[in-house]
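K.L.:
Sequence:
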Amino acid sequence: MVRGTHENIINAVFRIASKNPEKDRISLTEVANEINITRQAIYAKHFSCTNDIFEEIHNIIDEHIFNNFCEALQHNDGESIYSIIAETLIPSIYKHRHWLKILYTTSIDPNWRTFLRSKYVKITMTISARTENNGPLNTEKFINIMCEYIMAIFASWISDDFPTPPSVFKKEFLLIMNTSPIKLINIK
Numbered sequence: 140m141v142r143g144t145h146e147n148i149i150n151a152v153f154r155i156a157s158k159n160p161e162k163d164r165i166s167l168t169e170v171a172n173e174i175n176i177t178r179q180a181i182y183a184k185h186f187s188c189t190n191d192i193f194e195e196i197h198n199i200i201d202e203h204i205f206n207n208f209c210e211a212l213q214h215n216d217g218e219s220i221y222s223i224i225a226e227t228l229i230p231s232i233y234k235h236r237h238w239l240k241i242l243y244t245t246s247i248d249p250n251w252r253t254f255l256r257s258k259y260v261k262i263t264m265t266i267s268a269r270t271e272n273n274g275p276l277n278t279e280k281f282i283n284i285m286c287e288y289i290m291a292i293f294a295s296w297i298s299d300d301f302p303t304p305p306s307v308f309k310k311e312f313l314l315i316m317n318t319s320p321i322k323l324i325n326i327k
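Just so we're aligned: the sequence shown equals residues 140 to 327 in my numbering.
Keep in mind the hints are simulated off the structure, nothing from the lab. We treat Cβ as the ideally placed atom computed from N, Cα and C, and that holds for glycine. Hints are not guaranteed to be accurate.
[Unchecked claim] Computed beta-carbon distance windows for the label pairs:
(1) Lys280 <-> Asn198: 26 to 34 Å
(2) Ala183 <-> Ser222: 45 to 53 Å
(3) Asn325 <-> Glu210: 32 to 40 Å
(4) Gly217 <-> Asp163: 41 to 49 Å
(5) Gly143 <-> Asp191: 31 to 39 Å
[As the list claims (entries may be wrong)] Derived SDA-like pairs (lysine to any residue); straight-line CA-CA distance at most 20 Å:
(6) Lys240 <-> Ala294
(7) Lys258 <-> Asn283
(8) Lys280 <-> Tyr221
(9) Lys261 <-> Glu287
(10) Lys234 <-> Phe308
(11) Lys158 <-> Ile174
(12) Lys258 <-> Asp201
(13) Lys261 <-> Ile289
(14) Lys158 <-> Phe301
(15) Lys258 <-> Asn198
(16) Lys158 <-> Ser246
(17) Lys309 <-> Ala294
(18) Lys310 <-> Tyr233
(19) Lys184 <-> Thr168
(20) Lys184 <-> Asn198
(21) Lys240 <-> Tyr288
(22) Lys234 <-> Glu195
(23) Lys261 <-> Asn215
(24) Lys234 <-> Glu311
(25) Lys240 <-> Glu161
(26) Lys258 <-> Tyr243
Let's have the full structure, built from the sequences with the hints guiding it.
P.N.:
Here's what the structure looks like:
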């Protein structure tokens with residue numbers, strides 16, 4: 140087996156997606172052709188289907204990010220969840236900005252947002268059990284809305300050709316989260 144083939148397979152998926160942003164499906168044959176190996180070599184030694192490739196991409200990107208977030212939540216001494224997100228998620232997301240830009244700006248992986256939402260809603264629901272909900276929505280609905288909102292903010296940021304560095308974006312993110320949307324944009 141050629142050294143680095145596994146990584147080449149994953150990178151081939153991103154190259155194909157970059158060339159064809161509207162493409163919403165990819166085959167092992169396309170991936171194999173992109174890196175000049177056989178589909179059988181991918182199937183026998185690396186991935187049995189393209190879903191396995193995307194599952195690995197999800198895990199590569201999010202494992203470190205999610206673990207840092209969970210650890211920060213466990214050691215939280217009353218800090219705002221938005222401050223924890225700014226300190227732990229933003230720098231880690233930035234490290235994966237090239238892959239994330241492709242995931243957010245192409246159609247190649249429609250399961251990416253669902254994958255994130257399920258993980259982050261679940262962990263946020265766990266910690267929200269310790270807080271009081273004074274809003275008009277039940278806690279689960281509110282957390283779903285906030286996760287979508289935060290993911291949209293991150294997607295917009297990381298999809299730029301040259302995303303703002305984390306040290307600057309942390310401040311922008313906290314400003315957005317600490318300001319009512321009506322105060323940010325008020326059409327009269």
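K.L.:
With reference to the structure, classify each hint as holding or not holding.
P.N.:
A quick look at each hint next to the structure:
1. Lys280 <-> Asn198: 26 to 34 Å: 28 Å, holds
2. Ala183 <-> Ser222: 45 to 53 Å: About 48 Å separates the Cβ atoms of Ala183 and Ser222, which means 45 to 53 Å holds.
3. Asn325 <-> Glu210: 32 to 40 Å: 38 Å, holds
4. Gly217 <-> Asp163: 41 to 49 Å: 44 Å, holds
5. Gly143 <-> Asp191: 31 to 39 Å: 18 Å, violated
6. Lys240 <-> Ala294: 8 Å, holds
7. Lys258 <-> Asn283: Cα-Cα ~11 Å, so holds.
8. Lys280 <-> Tyr221: Holds - the C-alpha atoms of Tyr221 and Lys280 are around 18 Å apart, at most 20 Å.
9. Lys261 <-> Glu287: With a Cα-Cα distance of about 13 Å, the restraint between Lys261 and Glu287 holds, given a limit of 20 Å.
10. Lys234 <-> Phe308: Holds. Lys234 to Phe308 sits at ~14 Å (cutoff 20 Å).
11. Lys158 <-> Ile174: Answer holds: Lys158 to Ile174 is near 15 Å, not above 20 Å.
12. Lys258 <-> Asp201: 10 Å, holds
13. Lys261 <-> Ile289: 15 Å, holds
14. Lys158 <-> Phe301: With a Cα-Cα distance of about 19 Å, the restraint between Lys158 and Phe301 holds, given a limit of 20 Å.
15. Lys258 <-> Asn198: Holds, at about 11 Å.
16. Lys158 <-> Ser246: Given that 20 Å is the threshold and the Cα spacing comes to 12 Å, the pair holds.
17. Lys309 <-> Ala294: Cα-Cα ~14 Å, so holds.
18. Lys310 <-> Tyr233: 15 Å, holds
19. Lys184 <-> Thr168: At roughly 14 Å apart (the allowed maximum being 20 Å), Thr168 and Lys184 satisfy the hint.
20. Lys184 <-> Asn198: Since the Cα atoms of Lys184 and Asn198 sit roughly 19 Å apart, the hinted pair holds (cutoff 20 Å).
21. Lys240 <-> Tyr288: 17 Å, holds
22. Lys234 <-> Glu195: 17 Å, holds
23. Lys261 <-> Asn215: The given pair, whose Cα atoms are some 18 Å apart, holds under the 20 Å limit.
24. Lys234 <-> Glu311: 18 Å, holds
25. Lys240 <-> Glu161: This hinted pair holds, its Cα atoms lying about 14 Å apart.
26. Lys258 <-> Tyr243: 17 Å, holds
In summary, the one numbered hint that this structure violates is 5.
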